[in-house]
Amino acid sequence: MKGGNNMSKVFNYLASNPEVVSKLKSGEASLVSVSKEEQEAIVAAFEKEDVRGYYWRA
Amino acid sequence: MSNRSLKHELAQLIDKQEYSHPEAFIKSFKLHAQAFSTDSQYPLHTDELASCLKYIIISSDLIDDIQDGEPHIKALSEKEFGNCLNQSITLLMLTLGKLHHICNRDTYDIIMTYLLKAMEGQYLDVNNMSNTIDDYLHMIKLKSGSLIALTNLLGASLSTSEHQDIIANYSLYLGASAQIANDIEDVFNFDSKSDWKYKRKTLPILYMLSPELSEAKLIHDYYNGDISYEQFCSQKDDVIELIHRLGAIPFSKYYKNRMDKQAKDLINQLVIDNDKKSLLINKLLQNERR
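For the protein sequence lines, the chains are A and B, in the order given.
Residue 89 in the numbering used here is what sits at position 19 of the first sequence, and the numbering runs on without skipping anything.
Residue 865 in the numbering used here is what sits at position 53 of the second sequence, and the numbering runs on without skipping anything.
Please note that a few of the clues may not be correct.
[Unchecked claim] DSSO-like, lysine-lysine: derived pairs with alpha carbons at most 27 Å apart:
hint, chain 1, residue 1, chain 2, residue 2
1, A, Lys106, B, Lys1073
2, A, Lys95, B, Lys1076
3, B, Lys1048, A, Lys118
4, B, Lys910, B, Lys866
5, B, Lys929, B, Lys1009
6, A, Lys95, B, Lys1073
7, A, Lys79, A, Lys95
[Stated by the list, open to error] Distance windows between CB atoms, simulated:
hint, chain 1, residue 1, chain 2, residue 2, range
8, B, Met931, A, Ser105, 34 to 42 Å
9, B, Thr850, A, Lys79, 44 to 52 Å
10, B, Arg1057, A, Ala99, 19 to 27 Å
For the record, the hints were derived by calculation from the structure and aren't laboratory data.
Quantities reported herein were computed from a predicted structural model and do not represent experimental measurements.
Beta carbons: idealized from backbone N, C-alpha and C, even for Gly.
The shape of chain B in the complex, shown without the other chains:
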């Protein structure tokens, strides 16, 4: 790529990281490089791959924000929006090109497989295709879990090509757990996030839309198109009261805990040293991660 101003814009996008936080992905990647290594030092290419992973997460977050119509995207002019879309695609293509050079074929296949799964999950999400809890869990494992599977498999691949199925599976559960945590936070946000505005069916919202929850009529009416978004938002305090009173948060936490437990059980199935299993569990599932 020769265009200087595009290079400059990409560098700004990477440095600013205003709307993307790849730090936890880098930590998870390095944790897997460490946990599956027989050496005490990080293997060759660790830093190079970590940078590529960072760019994948930044471009994926940007694509997600564009698809979700986040406020900082909505505020862009037509030209700025075009540039933003161009930056996300260019950064992803440059990164995949780089990875093609430094990874072996199997690792590159893993990256492409899980990136495509993440895009499939995005498709299901954008088109609001989750009508049941099972649909929703399937969608978030694809959308969120795939990026974590990519991260953790990439880290482990520096040392071994074993354990891939287990790593992929527990990563999908970790991704689902992280997404549910986000959905719980976002269900109280009526301003800057778009779950309510775009009638997204996240886990707490799917619960409130259950036919047996007749007390949540306000939410049912909004999702059925009987009242407008503005009318709905004017009763925000009532919605928040319903979320608390009808148990949407414990319901969502129950599923988050289930995802965590499934991940923990799978990590315990790994045939690696017990101290390395404990390291993974402590870092990924317990308080050390906070």
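One chain only, chain A, in its complex shape:
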């Protein structure tokens, strides 16, 4: 899977193939042309943590 500038393609692909996200997380797969740090950032975005605002939150 090629990353590069087209991040929306990467996320669309991974969202449709959640098993690939698991493999990326466990190190069984990797994204072509994507640095290790970038790949970790992509995988981290699929974590089910709450996203909350700070400055504009009640």
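Assemble chain B onto chain A, guided by the hints.
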């Protein structure tokens, strides 16, 4: 200003804070006053400046709500709307007048510079001028980041005139991160917020509008004007399912995390005590802020 009823209305606006929450800005301001001070106590004028900052945020939030046509603004009569607009401008002018008296020229220039940048960001936002991710990031740094830069620079200015470029830059990233978090929350709101209604192109929506996301035809059709807002809202459950299934939230979180990382890297570049850097990072970027 001599008119008693206008004074009373402004006092109510400040006290009520129904649609504005300046608390986090005040905390961030005080955090910067503390982090850049060599003294353990807050410098002189801290409380006075904090009050001015609060009024700037309240008036900016009100202007933002007016521009966005928020429901509580839509519900106003013509006369009430006029009064609301007048209150926001009057409060901002009074506050800037006060700041002109208590700040030195450099600090006042900072306030004016970042307020103007915030207004420029509002202009780009209101006119839906973000068609790419880069446009969008530029717009939210101006619109949201500038107010945070103003806040944090004002706090630091109480103790030092150094580090301004780094403080301004990480504040722009913090603002972008906060705005993305808001956009993620708002993409599920079809009732009281206007992102969908006004066809705003927030980050999750820009993602769904990517040409390669042909499965998001419903959203593409609505933004192309092929279906009405009412038709679109009647399929709200389908829209929410598409948002989840096509990965709009991880995509947006990826950019939010990137903004956080850029901010953290910049804070680490500050030439200040490590415990003060940790204080800034912990308060601004980690769980302590929640």
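Can you name, in rising order, the numbers of the hints this structure does not satisfy? none
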